[in-house]
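Go ahead and model the full structure; you've got the sequences and the hints to work with.
Chains as they are written, first to last, in our numbering: chain Y, 402 to 641; chain D, 231 to 553; chain H, 2 to 299.
No lab work stands behind these hints, which were simulated from the structure alone. Cβ atoms here follow ideal geometry from the backbone N, Cα and C, with glycine treated the same way. Keep in mind that the hints are not guaranteed to be accurate.
[Unchecked claim] Residues from chain H that face chain Y, not an exhaustive set, calculated with beta carbons under 10 angstroms:
no.	residue
1	D125
2	A126
3	R127
4	A128
5	S132
6	Y136
7	K174
8	A178
9	S180
10	V189
11	I191
12	A202
13	V278
[Said to hold, decoys possible] Okay, the calculated bits of chain D under chain H, using three or more residues with CB under 8 angstroms as the criterion:
no.	region
14	342-349
15	360-367
16	473-486
[Claimed, not checked] Once the Cα atoms are required to be at most 20 angstroms apart in a straight line, the calculated PhoX-like pairs of lysine-lysine come out as:
no.	chain 1	residue 1	chain 2	residue 2
17	Y	K509	H	K169
18	H	K168	Y	K516
19	Y	K539	H	K168
20	D	K348	D	K441
21	Y	K516	H	K286
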Amino acid sequence: MANPLLNVVDLNVFHGEAQALWDISFQIQAGEVFAIIGSNGAGKSTILKTLAGLLRPSAGRVEFLGSRIDGRSAARIVDLGLALVPEGRGLFSGLTVAENLELGAFTKRARPLMKQTMEEMAATFQIIRIRSDQLAGKMSGGEQQMLAIAKALMSKPRLLMLDEPSLGLAPLVVKTVFEIIATLKQQGVTILLVEQNIHQALRIADHACVIKTGRITLVGTGKELLSDPEIHKAYMGSLR
Amino acid sequence: MKTMGQNSKSKRRLALTVVVVALLTAVPGVLDPETSYVVFLLFSAFIYVALAQAWNLVSGYTGQVSLGNHAFFGLGAYVIAIGWSRGLIGYLDPLGMLLAGCAAAILGILVGIPLLSKLRGDYFALGTLGLGEILRLVTIQGRALTAGPTGIFLPSSSFTTIVPYYFMALFLALLATGVTYYMVKSNTGLALVATRDDEAAAAAIGINILKFKVLAFAVGAFLAGLCGALQAYYVFHVEPQGFFSLSWTIYPVLMCVLGGVGTLTGPVVGAVFLTAAFEVAKYYLPEIHPIFSGLLIILVIMFLPNGLVRLRRGRIVRNPKAA
Amino acid sequence: MLDFIPPIDILLQLLINGVLFGTMYGIAAIGLSLIFGTMRIVFIAQGTMIILAAYGSFWLFNLWSVNPYVSILIVVPASLIVGSGLYQVLFRKVAREGQFPTLLIAFGLMALLENLMSVVFSADARAIQTSYAAYALTFMGLKISFTRLMAFVMAVAGTVGVAFFLKKTLLGKAVRAASENLEYAMLVGITPHMVNTLTFAIGIGLAGLAGVATATAYAFDPFSGFVFSLKAMIALALGGMGNVVGALLGGLLLGVIEAFGAFFLSGGWADVISYAVFLLVLMFKPEGLFASGTSAKP
Ligand SMILES: Nc1ncnc2c1ncn2[C@@H]1O[C@H](COP(=O)(O)OP(=O)(O)OP(=O)(O)O)[C@@H](O)[C@H]1O
Ligand SMILES: [Mg+2]
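And the structure:
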């Protein structure tokens with residue numbers, strides 16, 4: 402196998418005194434969609450925040466493009482090409498759509514390309530074309546999620562991390578979100594997807610892992626996990 | 231095992247406290263109180279211990295940064311000045327001082343209920359800051375009652391010796407420390423400390439936060455009022471600038487920070503240490519001593535942010551945004 | 002009954018005086034608002050920084066006859082540098098410790114500067130005595146002091162400049178973003194220290210501008226700063242934290258309240274009224290009276 406784009410080795414993370422993650426290890430290859438699934442409070446967001454540099458691991462390491470990024474600042478990490486759309490979408494609600502996108506390209510690497518990327522985004526996402534002067538906080542949930550993804554793409558990421566992008570959205574909008582993820586995948590964007598919408602996530606994922614109270618309990622391809630009886634019993638039953 | 235360990239620890243603490251208090255009680259007998267600088271120094275230190283503890287109770291344990299201690303301090307002083315100058319209370323009158331403390335506590339309750347129920351964090355700090363300014367301005371405008379900006383002169387011929395002041399200040403320091411200990415060890419206090427950083431959690435387990443906070447605020451005001459009363463008896467001249475000076479809030483705060491906020495011994499250690507430092511500075515650098523104080527505040531916060539008594543990490547009002 | 006109400010021209014004159022002086026509060030409040038917005042620091046030394054800048058302008062005029070309006074070109078850039086230096090030296094390390102230590106450092110700085118100034122410059126009240134200091138424009142029977150009008154113009158120019166910076170430049174947008182949500186800002190590559198340095202520089206830069214305005218139009222002494230800071234906080238509470246234009250309006254409103262209060266009652270009671278309004282606003286409308294508008298943080 403080629404060198405992975407992202408290599409996470411034995412990650413341990415604490416929230417204050419309480420340990421949230423134990424020995425998390427996984428790899429993501431360039432161009433794939435990797436899904437992390439698990440129930441509420443399992444530690445999914447904690448993984449993403451640690452990768453993005455918002456939390457420091459107490460042990461373990463994170464390698465991105467072959468060099469270690471754990472312990473680096475969030476700003477440095479996004480400049481290296483690891484972008485996170487956090488829970489709650491990460492938009493600046495008092496700023497306009499256009500301003501949010503501009504700030505998405507704040508990094509040194511992305512700033513010179515801002516104009517051009519903005520046009521690309523406008524081509525991909527309708528709302529941006531029509532609504533560029535509207536306040537981000539005044540948009541609907543689905544529109545906000547599109548904008549959040551577009552904002553992250555403004556940083557020209559090599560790996561896009563999405564934390565529950567379908568959360569709180571109407572089924573029809575969820576469908577659109579997954580279509581966008583599929584489109585991005587086709588365009589060659591590597592994606593780390595955290596979802597509770599397990600069925601859809603596993604269908605789109607090349608690889609996936611299941612996390613339970615801070616530990617990885619299952620790893621496999623999306624297909625394998627999709628047909629795993631354990632998963633069916635534990636998660637699918639409760640979701641339509 | 232654990233209870234035994236704690237038991238012997240608290241016994242040791244109690245024994246140490248008794249020894250220290252006994253030694254302090256003996257000081258005016260051993261040293262000549264009229265000439266010894268140490269007696270005066272300890273007197274000031276005791277007042278600051280009480281003020282620091284008063285602030286510690288409100289802000290260190292409930293997490294609400296109050297910047298209004300000087301309002302209560304000044305109010306206590308003015309109660310004495312107004313009462314004594316009209317012959318309503320006497321010289322070093324315990325009842326008068328109690329009255330001063332109660333006046334401050336009542337103001338604390340009156341102001342505390344709306345401020346504490348409505349304001350959080352910075353806003354509460356600003357609100358209490360405004361309180362001190364209001365009282366200062368009101369006393370300046372108070373005409374005959376407060377004698378305006380010149381303030382009230384009291385019969386300084388009453389003064390004979392510093393000894394009663396010394397013991398009263400010692401008593402205040404012990405009272406403040408004891409009350410803080412008692413309130414924090416009460417069920418509500420313990421629960422509140424346990425959940426200080428998470429108000430929703432405290433409310434969820436059924437603590438009446440507001441009641442405890444108002445109580446702590448009022449007790450803090452009471453103690454500050456008593457200190458102001460004693461200071462008024464000592465200075466014999468109560469005027470707005472000096473008694474409603476923000477220093478009466480900020481120095482105690484600094485002492486708490488230096489010693490360790492939210493600990494019982496921290497304010498004591500901080501107050502004694504800083505009073506000594508300020509007095510030394512005043513003695514050797516009379517002209518520029520206020521500069522030195524400002525500098526010291528900055529240095530302490532920068533290099534000793536957790537305090538000398540490191541029982542807890544100094545995390546009071548954490549900035550949620552700067553994590 | 003109607004005897005109480007003075008003639009309309011006096012009312013107008015009061016209004017003008019209030020507005021002119023209120024801008025000083027307003028511009029100080031904008032600096033506070035920026036610093037508070039990104040760092041949650043109640044920078045109580047802001048007023049003292051204004052006084053320091055006023056001394057700068059005063060000595061430039063007295064020692065080297067630098068015209069006070071020209072001294073802006075020296076004082077404001079110097080203030081920008083001092084501001085970023087203050088952040089780097091005093092606040093960088095403790096910024097993450099929260100509002101509480103930073104408030105104390107700001108207080109320490111205030112005490113330090115006040116006393117340093119009173120030792121070095123003496124505690125005497127000063128004012129720049131230019132040839133045009135007493136000049137006043139007369140307009141429909143109303144008198145408008147030239148220096149106060151210039152101070153007003155400077156304050157408005159400063160506000161417009163800052164509002165433009167926040168609205169139109171990428172760095173300004175980054176400041177607004179960081180004020181709104183620091184974690185989200187970090188995720189797009191904004192570093193807190195960069196934003197903090199920037200806001201401190203601008204905040205103190207504004208103090209520089211306000212200092213020159215103060216020195217030309219009003220009397221000051223080393224200890225005027227504290228009350229200035231308090232008034233700026235009141236203006237801020239009136240206008241809403243983190244709202245640039247609101248802060249200026251808050252300052253104007255406070256100036257007008259004080260002008261009328263001083264006329265109808267007496268100078269001292271006017272201040273009591275200001276603080277009472279302050280407490281009422283904090284309690285009943287903590288988001289400020291001008292919460293909507295061009296804002297750094299709606
Ligand atoms: N800031 C924090 N401080 C303390 N504990 C935290 C903090 N954030 C998360 N935790 C705890 O860490 C664990 C993992 O949380 P995390 O947010 O990573 O879960 P999650 O899998 O993303 O859940 P969800 O599906 O609800 O988003 C949980 O037990 C949570 O309570
Ligand atoms: Mg989560």
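Results for each hint:
1. D125: Interface hint status for D125(H): violated (46 angstroms vs cutoff 10 angstroms).
2. A126: Status violated, d = 42 angstroms.
3. R127: Status violated, d = 42 angstroms.
4. A128: 41 angstroms, violated
5. S132: This hint is violated: S132(H) lies away from chain Y, its Cβ roughly 47 angstroms from the closest one there, beyond 10 angstroms.
6. Y136: 43 angstroms, violated
7. K174: OK, holds: K174(H) within 10 angstroms of chain Y, min 5 angstroms.
8. A178: 5 angstroms, holds
9. S180: Given a least distance of 9 angstroms, the restraint on S180(H) holds.
10. V189: Cβ of V189(H) sits 5 angstroms from chain Y, so the hint holds.
11. I191: I191(H) check passes; min Cβ-Cβ to chain Y is 6 angstroms, inside 10 angstroms.
12. A202: With a closest approach of 19 angstroms, the A202(H) hint is violated.
13. V278: 27 angstroms, violated
14. 342-349: Our answer is that it holds, as 4 residues pass the Cβ test (under 8 angstroms) against chain H, meeting three.
15. 360-367: holds (count 5)
16. 473-486: That given contact holds, which follows from 4 residues of the region 473-486 of chain D lying within Cβ reach (below 8 angstroms) of chain H.
17. K509(Y) <-> K169(H): Answer holds: K509(Y) to K169(H) is near 19 angstroms, not above 20 angstroms.
18. K168(H) <-> K516(Y): 18 angstroms, holds
19. K539(Y) <-> K168(H): 18 angstroms, holds
20. K348(D) <-> K441(D): Answer holds: K348(D) to K441(D) is near 13 angstroms, not above 20 angstroms.
21. K516(Y) <-> K286(H): Answer violated: K516(Y) to K286(H) is near 41 angstroms, above 20 angstroms.
In summary, the structure is inconsistent with hints 1, 2, 3, 4, 5, 6, 12, 13, 21 from the numbered list given earlier, while agreeing with the others.
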